[in-house]
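Chemist: For the record, the sequence lines run as chains A and B.
According to the numbering used here, the first sequence holds residues 1 to 279 in order.
According to the numbering used here, the second sequence holds residues 1 to 335 in order.
Hints are computed from structural coordinates only; laboratory data are not their basis.
It cannot be assumed that every hint is accurate.
A few chain B residues facing chain A, derived, Cβ under 8 Å [said to hold, decoys possible]:
{"#": "1", "residue": "L123"}
{"#": "2", "residue": "F125"}
{"#": "3", "residue": "P232"}
{"#": "4", "residue": "S301"}
Yeah, the Cβ is synthetic: ideal placement off N, Cα and C, and Gly gets one too.
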Amino acid sequence: MSELTKKLLVASAELENSAPKNYSVIAGFFFDGVTPIKQLFLNASIKIGSEAFLRQLKYVDDESVAECRQRIAAFETQFVKEASENLEKIATVGVNLIKDGAVILIHSFSRVVMVLLERAAKLNRRYSVIVTESRPSHNGQKSVDALKKLGVPVKLIPDSAVGFVMEKVDMVLVGAEAVVENGGLINQMGTYQIALVAKAAHKPFYSVTETHKFLHMFPLSQTDVELQEHKIDQDVEGASNYSFVSAHHVDYTPPQLVTSLITNFGVLTPSGVVHLLIS
Amino acid sequence: MVHPAIITLGVQFSEFIISGGIARCSAMLYAFKKVIADYVTPPGTSIQRNLTSYLGKQIDYLTTTRHLAETMKSAIRQLKSEISNISLDKSDEDTKTHLLHWIDTFIKEKIVSADDSIVATALKFIKTDDVILTFGRSAAVELLLLEAKNLNYKFKVIVCDARPKLEGKILVQNLVNAGISCSYVLVNSLGAVMPKVTKLILGASALLSNGALLSRTGTAIAAMMAHDAHVPVIVLAELIKFSELVQLDSFVWNEIVLPSVLTPPSNDANSKPPILKDWRDIPDLKLLNLHYDITPASFISMVISEHGCIPSSSVLSIIGMVKAEEEKNLKKLII
Chain A
1 MSELTKKLLV ASAELENSAP KNYSVIAGFF FDGVTPIKQL FLNASIKIGS
51 EAFLRQLKYV DDESVAECRQ RIAAFETQFV KEASENLEKI ATVGVNLIKD
101 GAVILIHSFS RVVMVLLERA AKLNRRYSVI VTESRPSHNG QKSVDALKKL
151 GVPVKLIPDS AVGFVMEKVD MVLVGAEAVV ENGGLINQMG TYQIALVAKA
201 AHKPFYSVTE THKFLHMFPL SQTDVELQEH KIDQDVEGAS NYSFVSAHHV
251 DYTPPQLVTS LITNFGVLTP SGVVHLLIS
Chain B
1 MVHPAIITLG VQFSEFIISG GIARCSAMLY AFKKVIADYV TPPGTSIQRN
51 LTSYLGKQID YLTTTRHLAE TMKSAIRQLK SEISNISLDK SDEDTKTHLL
101 HWIDTFIKEK IVSADDSIVA TALKFIKTDD VILTFGRSAA VELLLLEAKN
151 LNYKFKVIVC DARPKLEGKI LVQNLVNAGI SCSYVLVNSL GAVMPKVTKL
201 ILGASALLSN GALLSRTGTA IAAMMAHDAH VPVIVLAELI KFSELVQLDS
251 FVWNEIVLPS VLTPPSNDAN SKPPILKDWR DIPDLKLLNL HYDITPASFI
301 SMVISEHGCI PSSSVLSIIG MVKAEEEKNL KKLII
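Next comes chain A alone, as it looks inside the complex:
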């Protein structure tokens, strides 16, 4: 049994090292520990995904390998099913926050935020969106394209204009790559800045996230968010200008700046998140 654990640990470390530039990645499942076989449709980080699987191995000792494999396979199917169900729950819960005539500021591109906005558009809520361009990745453009398809009026702004537009905005909506132990967020670079401006302007700042993104980590400052070096794609225009950003593409938003988190368990405050993690 411990050999299987060892193989899984090695393979998950391997996967972690080869992770592409996004913190949010595919989690793999290993049957024989040789190579990752299945791809799960998840937006969890490698760390979270493999943590979840490795936790299953804790009960390993008195089972046979076949039993263990069965249990892990069942867990995996359950995980995938829940993942898509969770997105539905989030959309149902969060759509009530989007009132008619709302102006929403979103940051860069987040899949979960898109799911929520899509649901609101389907329910014929009238709202407009302001998207930050989010250099150097230019992911904001992806949001613009997706929203245009939904027929939602959308404006693209440079990251420097967040302060300027904040007075027109009714709420800020971001995703989360991970939620940490004190209820704070780890999200794409620029989220912290936007949260600060929103707080100063007294605008609500919401984060949309599934509960499986909760990490047992407690950063005290920006430098505590330890990540491997993720290089920005070489072919992104002007990437070579940013020697600093190439090493960091996420930042940490402390819980005091977050109004609430929209999760598959409902709308939680940051301290509610901790309560959930403890129980």
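Given the structure of chain A, go ahead and fit chain B onto it with the hints provided.
Modeler: Just chain B, lined up with the frame of chain A:
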């Protein structure tokens, strides 16, 4: 009726010879061990039924010497619960052995082991070239800093202290003896040193349900200055210090200590006598020497207990968890 060990303990408490939540709790438990060992069941009753009220008398006496610390209240609660759990057909000798063993286990688990666990967790947050500020003298903080030095971490310490107790002096002595590079300041210099500080680590007397910290007078000032300078504030507290009480400010409940120590000491070289020498004769003047203060939860970044690290807003959840476990232990024998 009061056991001599308890009388000694009472003197040690009221004269502040033994002070600090953990020290007082350990000393009390050791004294209880003597009390239980010497206990003789009066005729017509059993040890399981009578011991609790006998211990109660000892505790009442202790309360007159000095208010019980939160750690002591936790220990007493759990000891009483354990006594009521003992089956009635156990002999006196067996009961005593069982309780003495229970007390040893309690100290080992809830104090020694807890401190080890807290130090291990807290060490993860000490980075190279950290400048760690601490206030007064906390046993847990001292343990942490000495262990970090032991493991050759590179860091510096600033000890902030306040009159009249000036407990920080002993901490500085111990740290310097271990080879740690230290600075010593009083509260009025906090503003000057704060730009250099990377984190503030504090000890606790009790952690309240609203996440507030009850600790030695002056702690709140250090926490406030650190919070203002965006310096993370870390509190080290064992689970026995977590309390169900809620306190909104430092006046609603506090311990008043001898006011005379507040008057500045007389300087022999000076011809002028100290201004407050005859303060008792001034009718409108009262000196107030408070022992504790309350640091609001919003100033605290993180609480480290043997359970792990939590934000101060989650203290209530932990208390709920601890209570549920205590209830479980209580119900074990009622079935």
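Chemist: Could you work out which earlier hints the structure fails to respect and list their numbers in ascending sequence?
Modeler: Hint 1 is the one this structure does not satisfy, whereas the remaining hints hold.
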